[in-house]
Structure formats: structure tokens, C-alpha cells
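Could you build the full structure based on these sequences and the hints that come with them?
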Amino acid sequence: MPTFSLIVPIYKVEAYLPKCIDSVLAQTCQDYELLLVDDGSPDRSGKICDDYAAKHPDKIRVIHQPNGGAGAARNHGISVSTGEYILFLDGDDYLSKDLLSDLKKAMEKTAADLYLFGAIVEKDGKEVGQLHELIPCSRLCCAKENSDLFFGVMAPWNRAYKRSLFTDHRIEFATKVWYEDIRVVTKIHTVATSALRLPGAYYHYLQREGSAMNNKNIERNVEILYAFDDLRQWFDEHDYNSVYKNELTFLAIQHLLIAATVRVLLIDRKHHLVTDFREYMEKHFPDFRDNPYLSKLDGNKRLIYRLLLQKRYRTVCMIFRVKALLGK
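Per my numbering, the sequence shown starts with residue -18, numbered consecutively.
Think of the hints as simulated: they come from the structure by calculation, not from any bench. Certain hints may be false.
[What the hints assert, rightly or not] Here are the simulated PhoX-like cross-link-like pairs (lysine-lysine), alpha carbons at most 20 angstroms apart as the crow flies: (1) K78 x K107; (2) K264 x K292; (3) K28 x K40; (4) K(-7) x K104; (5) K40 x K78; (6) K0 x K40; (7) K85 x K40; (8) K0 x K36; (9) K0 x K104; (10) K282 x K292; (11) K226 x K277; (12) K0 x K28; (13) K(-7) x K157; (14) K107 x K0; (15) K264 x K226; (16) K125 x K277; (17) K0 x K78; (18) K304 x K282; (19) K28 x K(-7); (20) K292 x K251; (21) K226 x K125; (22) K104 x K304.
Model, not experiment: these values are computed from the prediction.
And the structure:
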């Protein structure tokens, strides 16, 4: 049984896929299996996967399935994986060569359910920033001890998960939806008894205009409400509401009230979702204005938060347009 199972959901990424696969094959630690899940991709991605598997049958397994979205591809990969830990890698991204070896070194020193690491954000072949978790480096923690675990990078790909976190708690990705990541990552953070952050940045995340969250399909932003419906129900079913009420509320402030609202505003300032998001907050998180974590918002987000509460939507749009002109 390998230590690591790397799962790659693949759809329309033929131009990027070889670099992605090569970055796994080049790992200085070879204690892994690579699961390439061709999610009904209409381009040459499936053939690229098969060609690599033919050359590296001891490392690579290919799964071909009808298109079900990244969530369905990840779920399928989890179901057939054999590694003790699972990592997710998108087909248009790639890894630094020392990720698995540094993870294994950390595991030999400190056993944890969850290991987190940084990501390098790239656009047009250049590094434009880095993403890091908020919890301290090299120190075990859990959500009950450190709420910052909830408020970091809301993506599935900058973590190594003990496989049992998914299988024992029946946690799965939603399929063919937006905002599936926040559902899974939040649940995993809740059930993980221990987490450890590595200081380095190993995951190379490519910003692309064609990616799902850059898509201009404005109506699909309603799915952030479905994501929080799912989280509220899951927290209630598992008796977490009383323990993590403030944390879930702050996640809604960050991702629903601020981020999703701004995303819609920048497309259509008068769209009904702007009102729908505000009404959802008032109904399901009525005390959000008194949330103890509001101080964690940085200066820019605090300003946007206040403007949104005042319904000064034109000013919000103007701020983001100026930032775009300045390249910030």
C-alpha cells in the first residue's frame, strides 16, 4: 500500500496535462500511486492519460468515466484509492518535486490526520502571489483549539488527507456544482483530530480565465446558497452547530456576503442575487453583525463589508474597477 494516492480530475486540459503528470513522476519521494480520472473529456486528455499509464504501469492508473464534474471524479478516485493519505491535483496545475518527500518527513516526526502546505499562484507563466494557511507552522492543532484552521485556503488541493477522513465520516464532493470545495474542506476541518502545516509552498495553481470560478455565468452563483444549506444541515446532523456556530457564520460572511456578492455585483449591480444573499444572511445568520471573528477581516475586506451593509454597491464596483486598472 503506498503512502500517497494523488487524484487528478481531468476535463479539457490537454495543453496542461503533461506538465501536471510529469511533476508527479518527478517527485523525489516515489511512494505514491497516481490516479488519473478522465471525466469524459472531449479533447485528447484521455489518450494522454492512457499513453502515460502505458509507460508507467507501476505508478499510474487511469479511470475513464462519463462527465460528472470534478466532484464526481474526485469521489471515484477516493473510492478506488489505496494510499494512506490522499492528495488532489487539478489537471492544469502542477507540483514542486519535493512535496511528497517533505510531507513524508513531517509524517515521520509528527502523526496527523491532515497536512497543509502553501500554493504558488501563477498567471501567464509568472508568479503573482502565494496562498498560505493561517495556522502556525510545524505545530499540531485542531479546529476546537484553533479556529484559524477554518479560515484559510478554501480549496481541496493544498492538503494531504488521511483517507479515513473521507471513508469513516462519509464525506463526499457534491457533483456538477459550484462551491463544492467549501463543503468538503469545512467538513474535513471539523472532523480532523489533528492538523499540521508545512511552511513551504509546493502546489502551483494556474489562474485561467476559463476556469469554473472565473466563468461569467452569473446565475450559477446561487449555488453558494446551496453550499451553505448543505453545511448548515450537516453541522446540525452531527451536533456541531453549538460548537462552531461563530465559525460557520464567519465563513458565510467571507464567502457568501462578501465574495459571492462582489462577484455578482461586478457583472450586474441590479441582479436579484445581491438581495438574495443579503436576505439569506439575515434569515440564517441573523447575528452576523456581532460575529467575534469580524476583526480577522483585513482592511480592504472590512471596507467592502461595511459598504455592502450600507448597500453602496456602486462604490464597491468603482473600487474594484480602479484596482483592476492599477493591476492590483
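Taking 20 angstroms as the top limit, are the C-alpha atoms of K226 and K125 close enough? It holds: about 12 angstroms lies between the C-alpha atoms, which stays within 20 angstroms.
Going straight from one Cα to the other, do K107 and K0 come out at no more than 20 angstroms? holds (16 angstroms)
Quick one, are K78 and K107 close enough, alpha carbons at most 20 angstroms? holds (18 angstroms)
Mind checking the alpha carbons of K85 and K40 for me, to see if they're no more than 20 angstroms apart? holds (18 angstroms)
For the pair supplied as a hint, K292 and K251, is the alpha-carbon distance within the 20 angstroms limit? Holds. K292 to K251 sits at ~11 angstroms (cutoff 20 angstroms).
Straight-line alpha-carbon gap K282 to K292, limit 20 angstroms: holds (15 angstroms)
Given the hint that K40 pairs with K78, does the C-alpha gap stay at or below 20 angstroms? With Cα atoms ~16 angstroms apart, K40 and K78 stay inside 20 angstroms; holds.
Taken at face value, is the distance from the CA of K277 to the CA of K226 at most 20 angstroms? At roughly 16 angstroms apart (the allowed maximum being 20 angstroms), K277 and K226 satisfy the hint.
Between K(-7) and K157, is the straight-line Cα distance small enough, at 20 angstroms or below? Measuring from Cα to Cα gives roughly 15 angstroms; hence the hint holds.
Take the C-alpha atoms of K125 and K277, compute the straight-line distance between them, and say whether it is at most 20 angstroms. holds (17 angstroms)
Within 20 angstroms, alpha carbon to alpha carbon, are K0 and K28? Holds, at about 15 angstroms.
Assess, step by step, whether the Cα of K264 is no farther than 20 angstroms from the Cα of K226, and give holds or violated. holds (14 angstroms)
Comparing the model with each numbered hint stated earlier shows that all of them hold.
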